[in-house]
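One gets the working numbering by counting positions in the sequence shown from 1 and adding 28 to each.
Hints in this document: simulated from the structure, not taken from any laboratory. Honestly, I wouldn't trust all of these hints.
[Stated by the list, open to error] In silico PhoX-like cross-links for lysine-lysine, where the CA-CA straight-line distance does not exceed 20 Å:
| id | residue 1 | residue 2 |
| --- | --- | --- |
| 1 | K360 | K114 |
| 2 | K347 | K183 |
| 3 | K30 | K164 |
| 4 | K341 | K57 |
| 5 | K336 | K346 |
| 6 | K57 | K347 |
| 7 | K227 | K211 |
| 8 | K341 | K194 |
| 9 | K346 | K114 |
| 10 | K192 | K164 |
| 11 | K342 | K352 |
| 12 | K352 | K192 |
| 13 | K57 | K352 |
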Amino acid sequence: MKIAHLHVSDQLNKGDVAIVQAVQQLLEKRFRGSVEFTDISLSELSQPTPGTLEAINNSNLAVIGGGGIYYHYFLPFNLDLINRIKPPIVTYGVGYIQEFGGNPLNKTEITSIACLNQRAALKSVRDIYTREFLEKIGINDVALIGDPACLLEEKPERIINGSKLKIGFNLNYSGWLGFGKFKDQIMTSYRETMEQLRKNHGAQIYYLLQHPSERNIVQELQVPDLEIIDLSPAGQKHFYGQLDLVIGMMLHSVVMAFGAGTPEINIAYDQRNLSFARFLDCPELCLLPQDLQPGTLVQKVTEVLDQKQFYRKKFRVKKEEIQKSQQTFLAKIKDLTA
29 MKIAHLHVSD QLNKGDVAIV QAVQQLLEKR FRGSVEFTDI SLSELSQPTP GTLEAINNSN
89 LAVIGGGGIY YHYFLPFNLD LINRIKPPIV TYGVGYIQEF GGNPLNKTEI TSIACLNQRA
149 ALKSVRDIYT REFLEKIGIN DVALIGDPAC LLEEKPERII NGSKLKIGFN LNYSGWLGFG
209 KFKDQIMTSY RETMEQLRKN HGAQIYYLLQ HPSERNIVQE LQVPDLEIID LSPAGQKHFY
269 GQLDLVIGMM LHSVVMAFGA GTPEINIAYD QRNLSFARFL DCPELCLLPQ DLQPGTLVQK
329 VTEVLDQKQF YRKKFRVKKE EIQKSQQTFL AKIKDLTA
């Protein structure tokens, strides 16, 4: 089985890498390891280079995604390329990115998304918001399967011991233009919360690196003895599973925390953060940056820690639901290529 996998090619962002690895792991299991992947950058779907179409058409299947592929950066898709793809097209757990303060998609971009989905034999999304977006532009019969990254296989790379409360933090400093507007509120809230956790609970605090650019903002936090955790995506996800709570901004810091069974608080910079909390049926776990007043994050952390077992159980049930949805979709993919 030859699969052309068109995906985000950023190797620096752990979330993007985790998505690619998870999708390929799931497909390999479904096809019992008899899979040969041809990795193709998603940018080729908008600006194809010589050989792209041939590489796709030499495959038995074209899988696009997951991740936030419905995003200005990757649009508009090349309609001529899409219409000349011969193998069945499958969109896998994809998402719609709409950063707060960003411009909405234009008509050409939306038309290209519609074209891709009209050509796709199977369509799936990671959240309710993306499915609703597709329905608004006339695309139906879309499976809601969740984010594949939450099912990434874990690998122990850094083991922590002891009975101390263990809390992980993450900031988005890899490109969100709105960060500067709320920087003081976010940074002050993080410092205050870290200080209170150490003072009141003797907590061990970690910074969970999702992108190398975050090292710059970690220095600005000026929190002493803040250990930076920078492992492979599989190792990072396993580390999350050892924590009592994750406070994250980068979407996949909380997606992987959820997948590891750890309660999380999601600081939103994009509609996708809100969408993830809605998908989990836990809107209370998502805070907007503008709402981070003194004491706000400290209070939310206290509330979630008090209900830690409740969220662990709820996450376990939701993850089982996602696994079933993914397996149902994978079965349809296999039938498609039989």
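Structure-based check of all given hints:
1. Note on K360 and K114: the hinted pairing holds, with a Cα-Cα distance of about 18 Å set against a maximum of 20 Å.
2. A distance of roughly 18 Å separates the Cα atoms of K347 and K183; the hinted pair therefore holds under the 20 Å criterion.
3. For the hint linking K30 to K164, the alpha-carbon distance of about 34 Å lies beyond 20 Å, and the restraint is violated.
4. Restraint check for K341 and K57: not satisfied, since their Cα atoms lie roughly 26 Å apart, outside the 20 Å limit.
5. Restraint check: the Cα-Cα separation between K336 and K346 comes to about 15 Å, which is no more than 20 Å; the hinted pair holds.
6. Taking the CA atoms of K57 and K347, the gap is near 18 Å; set against the 20 Å cutoff, the hint holds.
7. Using a Cα cut-off of 20 Å, the hinted pair K227 and K211 is violated, with the two alpha carbons roughly 24 Å apart.
8. The suggested pairing of K341 with K194 holds, with an alpha-carbon distance near 19 Å, which does not exceed 20 Å.
9. Between the alpha carbons of K346 and K114 the distance comes to roughly 36 Å, so the proposed pair goes past 20 Å and is violated.
10. Taking the CA atoms of K192 and K164, the gap is about 48 Å. The hint is violated against a cut of 20 Å.
11. As the CA atoms of K342 and K352 are separated by approximately 16 Å, the hinted pair is consistent with the 20 Å bound.
12. Taking the CA atoms of K352 and K192, the gap is near 35 Å; set against the 20 Å cutoff, the hint is violated.
13. The hinted pair formed by K57 and K352 meets the criterion: a straight-line CA distance of about 14 Å does not exceed 20 Å.
Consistency note: the structure conflicts with the earlier hints numbered 3, 4, 7, 9, 10, 12.
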